[in-house]
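Got chain A sorted already, so can you dock chain B onto it with the hints?
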Amino acid sequence: MISFDEITRLIPHRYPFLFVDRVLELEAGKRIRCVKNVTGNEYFFSGHFPDLALMPGTVVVEALAQCGLLLFRAGSPRQRADKVFLLGAADARFLKPITPGDQLVFDVVAEKVISTAAIVRGVALVDGQPVAKAKLTFAAVDRSGFETAREHRTS
Amino acid sequence: MYADNVERTVTEVVAEVSEKPEEELWKQRDSHLFEEVGLDSLLALEIVATLERKYRIEVPEEKIVDVTTLSAAITLVKEMLREQGKLEAAL
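Residue numbers (the numbering used here), protein chains in the order written: chain A, 1107 to 1261; chain B, -14 to 76.
For reference, chain A alone in the conformation it holds in the complex (with noise of 0.2 Å):
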């Protein structure tokens, strides 16, 4: 089991962007079982819509990968933490609605896990049935490379 303060330590995102609470089960590099409360209080709500609240499938898919990056970053002591991590591709499906009140248990194995890279599959359930599920692709840069490439794109 790994709290949220352990994960604040591994991944860089903070309120109001780290959408997971608490790893419940790992093995390194294979598959990642975590889990997010959902509540009234969550600041999304409050737009997403004023009179029915519904958990948008963009922040759902931000989750998926937020379990993606632990799955990476957990148990893999090849990883520097001055990384920045950009999202390259997601192929996602939303199958029911998340509302207050749901338990969120996100269920994500690596597809293929380079040192720089990865391609995860991941599924949400809620009381054990799936209402989102997801392909993700991400990358790792050094944050260096990082400003070089924008600074390309701008120039």
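Hint data in this document are derived by calculation from the structure and do not stem from the laboratory.
Check the hints yourself; a few may be wrong.
Said to hold, decoys possible - Taking lysine-lysine pairs in the PhoX-like style, the calculated list, with each CA pair at most 25 Å apart, reads: (1) A:K1241 to B:K12; (2) B:K48 to B:K63; (3) B:K5 to A:K1241.
For chain B alone, kept in the frame of chain A given last:
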């Protein structure tokens, strides 16, 4: 236009992942596939992961950076299949 099935299948995979037409890819099979700075390795990774599933091969990390052209991807797959004694059956 293809000499064997590996050439055809790898081209189909690259076309699907890169969202480029097969014919165009084949004509420019020795040109660099990716131009975007920084994100090219992700497309190469997606191509390799798809080819691994299709051919039941495992491409080591150091070989992924070589997948810069369609020809390089075809050569890599043939090399991996040859190592496993599965090339003849795949052609």
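Violated hints - listed by number, lowest first: Those not satisfied come down to hint 1.
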